[in-house]
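Peer 1: Here the sequence shown is numbered in the working numbering, starting from 936 and rising by one per residue.
No wet-lab data here; the hints were simulated from the structure.
Note that this is a predicted model, so its numbers are computed, not measured.
Note that the Cβ used here is the ideal one computed from N, Cα and C, for glycine as well.
There may be inaccurate statements among the hints.
Here are the computed distance ranges between Cβ atoms for each label pair [as the list claims (entries may be wrong)]:
#1 Ala963 to Ala1001: 15 to 21 angstroms
#2 Glu1006 to Asp977: 27 to 33 angstroms
#3 Cys964 to Tyr985: 30 to 36 angstroms
#4 Asp977 to Ser943: 17 to 23 angstroms
#5 Arg1005 to Lys941: 31 to 37 angstroms
#6 His978 to Asn958: 18 to 24 angstroms
#7 Thr965 to His1010: 16 to 22 angstroms
Taking lysine-lysine and the BS3-like style, the derived pairs with C-alpha atoms no more than 30 angstroms apart in a straight line are [claimed, not checked]:
#8 Lys1009 to Lys941
#9 Lys1000 to Lys980
#10 Lys1000 to Lys974
#11 Lys941 to Lys954
#12 Lys980 to Lys946
#13 Lys946 to Lys974
#14 Lys1000 to Lys946
#15 Lys941 to Lys974
#16 Lys1000 to Lys941
#17 Lys1009 to Lys974
#18 Lys1009 to Lys946
#19 Lys954 to Lys1000
#20 Lys1009 to Lys980
#21 Lys941 to Lys980
#22 Lys974 to Lys954
#23 Lys980 to Lys954
#24 Lys954 to Lys1009
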Amino acid sequence: MSALTKLSRNKAYDGHITKYSHNSAELACTMQLNVFLPKAADHGKVPAIYCLAGLTCTEDNFAQKAGALREAAKHGLALIFPDTSPSEFHDWPRWQEWCRRKKGVEANVRMNNASFLGSR
936 MSALTKLSRN KAYDGHITKY SHNSAELACT MQLNVFLPKA ADHGKVPAIY
986 CLAGLTCTED NFAQKAGALR EAAKHGLALI FPDTSPSEFH DWPRWQEWCR
1036 RKKGVEANVR MNNASFLGSR
């Protein structure tokens, strides 16, 4: 399992949204994700929801456009926004490899669960 590298952290709705990168062994590329943790996460475990954006979206699209952060903060929910379309796979000749993204998302879930939920 690849280690997470923190790229940025910003305050949002009484919580924080943090951008991470990691090397995906499954997809053989660097991937990014955003994690929103509400203030309630400072005091213990909180439920987490994986927010999967559409085709050609990055880890930023859902977080920026859906308006979910305010509601997540209000209800004490963590939101995890993985990159569902790594940019290395937007090249059509790599289509078959790109179709492996389901495995990439599954690997992301395993890594995120171990990193964020297993450490509390």
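Peer 1: Each hint should be assessed against the structure and marked as holding or not.
Peer 2: Here is what the structure says about each hint:
1. Ala963 to Ala1001: 15 to 21 angstroms: For Ala1001 against Ala963, whose Cβ atoms are near 30 angstroms apart, the range 15 to 21 angstroms is violated.
2. Glu1006 to Asp977: 27 to 33 angstroms: 19 angstroms, violated
3. Cys964 to Tyr985: 30 to 36 angstroms: 20 angstroms, violated
4. Asp977 to Ser943: 17 to 23 angstroms: Taking Cβ atoms as reference, Asp977 and Ser943 lie about 19 angstroms apart, which means the hint holds.
5. Arg1005 to Lys941: 31 to 37 angstroms: 23 angstroms Cβ-Cβ, so the 31 to 37 angstroms window is violated.
6. His978 to Asn958: 18 to 24 angstroms: At roughly 32 angstroms between Cβ atoms, Asn958 and His978 fall outside 18 to 24 angstroms, so the hint is violated.
7. Thr965 to His1010: 16 to 22 angstroms: 32 angstroms, violated
8. Lys1009 to Lys941: Given that 30 angstroms is the threshold and the Cα spacing comes to 25 angstroms, the pair holds.
9. Lys1000 to Lys980: 26 angstroms, holds
10. Lys1000 to Lys974: Between Lys1000 and Lys974 the Cα gap is close to 21 angstroms, so the pair holds against 30 angstroms.
11. Lys941 to Lys954: 6 angstroms, holds
12. Lys980 to Lys946: 19 angstroms, holds
13. Lys946 to Lys974: OK: Lys946 and Lys974 at ~10 angstroms, within 30 angstroms.
14. Lys1000 to Lys946: The hint holds at about 17 angstroms.
15. Lys941 to Lys974: Holds - the C-alpha atoms of Lys974 and Lys941 are around 19 angstroms apart, at most 30 angstroms.
16. Lys1000 to Lys941: 22 angstroms, holds
17. Lys1009 to Lys974: 9 angstroms, holds
18. Lys1009 to Lys946: Given pair Lys1009, Lys946 holds - Cα atoms ~15 angstroms apart, limit 30 angstroms.
19. Lys954 to Lys1000: 16 angstroms, holds
20. Lys1009 to Lys980: 15 angstroms, holds
21. Lys941 to Lys980: 21 angstroms, holds
22. Lys974 to Lys954: Roughly 17 angstroms separates the two Cα atoms, so the pair holds.
23. Lys980 to Lys954: 20 angstroms, holds
24. Lys954 to Lys1009: Holds: Lys954 and Lys1009 sit about 21 angstroms apart, inside 30 angstroms.
The earlier numbered hints that this structure contradicts are 1, 2, 3, 5, 6, 7.
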